[in-house]
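Required output: the full structure, derived from the provided sequences and hints.
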Amino acid sequence: MDILKNIEEAVVNGKFDDVKALTQQALDQQIPPSDILNKALIKGLERVGKLFECQEIFVPELLMAGMAMKEALTLLRPILEKSDIPPLGKLVIGTVEGDVHDIGKNIVSMIFAGSGFQVTDLGIDVSAQKFVDTVEKEKPDVLALSCLYTPTRLAMNDVMKLLKERNLRNRVKVIVGGAPIDQSYADMIGADGFAPDPPSGVRKVMGWLGK
Amino acid sequence: MKEDKIFQDRRARINGLRAKNERMTCRERALMGVKHQEPDRIPIDNWMVPEIQKKTMEYFGCDSYDELLGFLGVDFRNNYGPSYVGQSFKKHPDGTVEDLWGVKRKTVVYGKGTAHQGSYSEVAESPLEKLQTLEEIKKYDHWASPDWWDYSKVKADCMVYHPQYCVINVGDRLDRTSQLKPMMYLRGIQQIFLDMVMNPAIVEYIRDRIIEYFVAYNHRVFKAVEGEIDIFMMGDDIGGQTGPMLSLDMWRKYFKKAFKTYIDIAHQYGIPVMYHSCGDVKHFIPDLIECGLDILQSLQPKATNMDIKKLKEEFGKDITFQGGMDIQHVLPLGKPEDVKGMVKYALDSAKKGGGYIICTAHNIQIDTPIENVVALFEAYHEYGKY
Numbered sequence: 004m005d006i007l008k009n010i011e012e013a014v015v016n017g018k019f020d021d022v023k024a025l026t027q028q029a030l031d032q033q034i035p036p037s038d039i040l041n042k043a044l045i046k047g048l049e050r051v052g053k054l055f056e057c058q059e060i061f062v063p064e065l066l067m068a069g070m071a072m073k074e075a076l077t078l079l080r081p082i083l084e085k086s087d088i089p090p091l092g093k094l095v096i097g098t099v100e101g102d103v104h105d106i107g108k109n110i111v112s113m114i115f116a117g118s119g120f121q122v123t124d125l126g127i128d129v130s131a132q133k134f135v136d137t138v139e140k141e142k143p144d145v146l147a148l149s150c151l152y153t154p155t156r157l158a159m160n161d162v163m164k165l166l167k168e169r170n171l172r173n174r175v176k177v178i179v180g181g182a183p184i185d186q187s188y189a190d191m192i193g194a195d196g197f198a199p200d201p202p203s204g205v206r207k208v209m210g211w212l213g214k
Numbered sequence: 003m004k005e006d007k008i009f010q011d012r013r014a015r016i017n018g019l020r021a022k023n024e025r026m027t028c029r030e031r032a033l034m035g036v037k038h039q040e041p042d043r044i045p046i047d048n049w050m051v052p053e054i055q056k057k058t059m060e061y062f063g064c065d066s067y068d069e070l071l072g073f074l075g076v077d078f079r080n081n082y083g084p085s086y087v088g089q090s091f092k093k094h095p096d097g098t099v100e101d102l103w104g105v106k107r108k109t110v111v112y113g114k115g116t117a118h119q120g121s122y123s124e125v126a127e128s129p130l131e132k133l134q135t136l137e138e139i140k141k142y143d144h145w146a147s148p149d150w151w152d153y154s155k156v157k158a159d160c161m162v163y164h165p166q167y168c169v170i171n172v173g174d175r176l177d178r179t180s181q182l183k184p185m186m187y188l189r190g191i192q193q194i195f196l197d198m199v200m201n202p203a204i205v206e207y208i209r210d211r212i213i214e215y216f217v218a219y220n221h222r223v224f225k226a227v228e229g230e231i232d233i234f235m236m237g238d239d240i241g242g243q244t245g246p247m248l249s250l251d252m253w254r255k256y257f258k259k260a261f262k263t264y265i266d267i268a269h270q271y272g273i274p275v276m277y278h279s280c281g282d283v284k285h286f287i288p289d290l291i292e293c294g295l296d297i298l299q300s301l302q303p304k305a306t307n308m309d310i311k312k313l314k315e316e317f318g319k320d321i322t323f324q325g326g327m328d329i330q331h332v333l334p335l336g337k338p339e340d341v342k343g344m345v346k347y348a349l350d351s352a353k354k355g356g357g358y359i360i361c362t363a364h365n366i367q368i369d370t371p372i373e374n375v376v377a378l379f380e381a382y383h384e385y386g387k388y
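Protein chains in written order, with my numbering: chain A, 4 to 214; chain B, 3 to 388.
Be aware that one or more of the hints could be misleading.
Unchecked claim - In silico negatives: residues of chain B with every beta carbon more than 12 Å from chain A:
1) Arg25
2) Glu60
3) Asn80
4) Lys92
5) Leu133
6) Met247
Claimed, not checked - Calculated cross-link-like contacts (lysine-lysine; reagent style DSS-like; alpha-carbon spacing at most 30 Å):
7) B:Lys108 with A:Lys133
8) A:Lys164 with B:Lys108
9) B:Lys132 with B:Lys259
10) B:Lys262 with A:Lys73
11) B:Lys114 with A:Lys133
12) A:Lys53 with B:Lys312
13) B:Lys312 with B:Lys354
14) B:Lys132 with A:Lys23
15) A:Lys23 with B:Lys255
16) A:Lys53 with A:Lys176
17) A:Lys53 with B:Lys183
18) B:Lys114 with A:Lys142
19) B:Lys183 with B:Lys225
No lab work stands behind these hints, which were simulated from the structure alone.
Remember, it's a predicted structure, so these values are computed and weren't measured experimentally.
Here a beta-carbon is modelled for each residue, glycine too, at the ideal position from N, C-alpha and C.
Next up, the structure:
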């Protein structure tokens, strides 16, 4: 099972060419894709998350790990979809209206995808209408809202209001994040939670879903 | 200045406190502060989005922003540098306009149709983002040139404020002297971060073209002003809300050398240097000091490790701080007493011995109630006396 350890190490070190090659090698050796995901990739990602949280690695390295996961998933996803293994959960994510900043949102999106979630990324400057329409259509477990500017966080509240108006609020958990967001702001707008960084966001959502 | 009773009443508290506290010109006060001396009261700087400037002017009955700054006791005046005389910025049919670096920008409106509507000029497309190789990047032909500016009026622009005020050469928000920011604009934030790990040669090439421009440009600005700039400001965001964006090793590898070069140039002309970065920058501070930085700007209090009391204790003797007032939570969401408490805490922690300029950690944002803006400035004067 050394290959799984090697994949894990390659994720931690952000070597995305190696991650992809080793994942292919593991598939060729008939290692079950769910094992590659859970016992190598996600394990690596969890280690990366811890290193990021204790400030041993920073944005470039976190991005590299996220990209490495993305590469591996291009190989694994088609196989996982064909099998009966369901994703850990469904997540819809985007940067709210009036805000075009997406580096944080992109990392969160990659890390969730890498952790086994099915992610629909709506991009930047996303209207409340679009978020809510997507929640209605795709029925995600979690809606994740991001922003960078202080005034654009007001648009998060618009999403919350529209979810209520359309009677969808109790059908989806809402997590909010971005520089001007903290727990008190999440509480104020009635979101289910806040996460200061991608790894803690994944942990929080996993907790909600009982994973 | 409008003299109706309502405005006179609104101005009375700040006017009264200032009359009691002030014994010198703004410039004398500001420069004493920078030199770690105690002037008559804390030096005050001000950053506000235009919408808040307008709201505050209306509240106090001021007819211009300069008049407002004069009334509030703001000691600094911004100089935006020389006038641009290069080719007009190319406009595209999709509404985007190219900036100094050939980066397409668009105006993004937030809070549409609400009382908090405002806008920012944002990057619409980074021209180098999709290029794969250094050779392709080398073919890019829109690097900024110091020849695109008319330097003849900068001195007169600064002199308008002398001898009363302390003049900061701030540049423009989008084109302020920096390294990483134009790299992010040109290459895209995500790609340049990946390049830092994977493509050092690309990072170094783009960076060097940017440095080359700012080195030549700043020499010309400083020569042209003949001593009329009091402080030179540069800026690069290297801090995030919950930690630095990059490791100290990576900053040293790519950015430390030119950071020092920029400072050395200003110092050659006898100008102290202020450096802006949002976010948690604590792990960089010893290196910033070693490079000769005079003033660290922002001190975003809600970012990790940026508590002003601790920073003052640890680094206060070696560097001046500017900022520290929270625009993310206390100003937009707090009550006037919270604002006053924040001002008092910062002044109790950092005022002693000079070396602190009080200011918000960034522009006061559009969602800040006017009562909190008033409380902020009243508290500056209430607690700011030495």
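Outcome of the hint check:
1. At roughly 36 Å from the closest C-beta of chain A, the C-beta of Arg25 of chain B stays outside 12 Å, upholding its exclusion from the interface.
2. Distance check for Glu60 of chain B against chain A: the nearest CB is about 19 Å away, which clears 12 Å, and the non-interface claim stands.
3. Distance check for Asn80 of chain B against chain A: the nearest CB is about 21 Å away, which clears 12 Å, and the non-interface claim stands.
4. Once the 12 Å rule is applied to beta carbons, Lys92 of chain B is consistent with being away from chain A; the minimum gap is 21 Å.
5. Its beta-carbon lying about 18 Å from the closest one in chain A, Leu133 of chain B satisfies the requirement of being farther than 12 Å from that chain.
6. Not every Cβ of chain A is farther than 12 Å from the Cβ of Met247 of chain B; the closest lies at roughly 5 Å, contradicting the non-interface assignment.
7. With a C-alpha separation of about 21 Å, the suggested pairing of Lys108 of chain B with Lys133 of chain A holds against the 30 Å cut-off.
8. Taken as a hint, the Lys164 of chain A and Lys108 of chain B pair is honoured in the structure, with Cα atoms around 29 Å apart against an allowance of 30 Å.
9. Restraint check for Lys132 of chain B and Lys259 of chain B: satisfied, since their Cα atoms lie roughly 28 Å apart, inside the 30 Å limit.
10. Distance hint between Lys262 of chain B and Lys73 of chain A is unfulfilled; the C-alpha atoms sit about 38 Å from each other, more than 30 Å.
11. Pair hint Lys114 of chain B plus Lys133 of chain A holds up; C-alpha atoms about 16 Å apart against a cutoff of 30 Å.
12. Straight-line distance between C-alpha atoms of Lys53 of chain A and Lys312 of chain B comes to about 26 Å, which keeps the hinted pair within the 30 Å bound.
13. This hinted pair checks out: Lys312 of chain B and Lys354 of chain B have alpha carbons roughly 14 Å apart, not beyond 30 Å.
14. For the hint linking Lys132 of chain B to Lys23 of chain A, the alpha-carbon distance of about 22 Å falls within 30 Å, and the restraint holds.
15. Between Lys23 of chain A and Lys255 of chain B the CA atoms are separated by roughly 29 Å; this keeps the pair inside 30 Å, and the hint holds.
16. The hinted pair formed by Lys53 of chain A and Lys176 of chain A meets the criterion: a straight-line CA distance of about 24 Å does not exceed 30 Å.
17. For the given pair, Lys53 of chain A sits about 28 Å from Lys183 of chain B by alpha-carbon distance, which is consistent with the 30 Å threshold.
18. With a CA separation close to 28 Å, the supplied pair Lys114 of chain B and Lys142 of chain A stays within the 30 Å bound.
19. The suggested pairing of Lys183 of chain B with Lys225 of chain B holds, with an alpha-carbon distance near 25 Å, which does not exceed 30 Å.
Checked against the numbered hints given earlier, the structure breaks hints 6 and 10 and satisfies all the rest.
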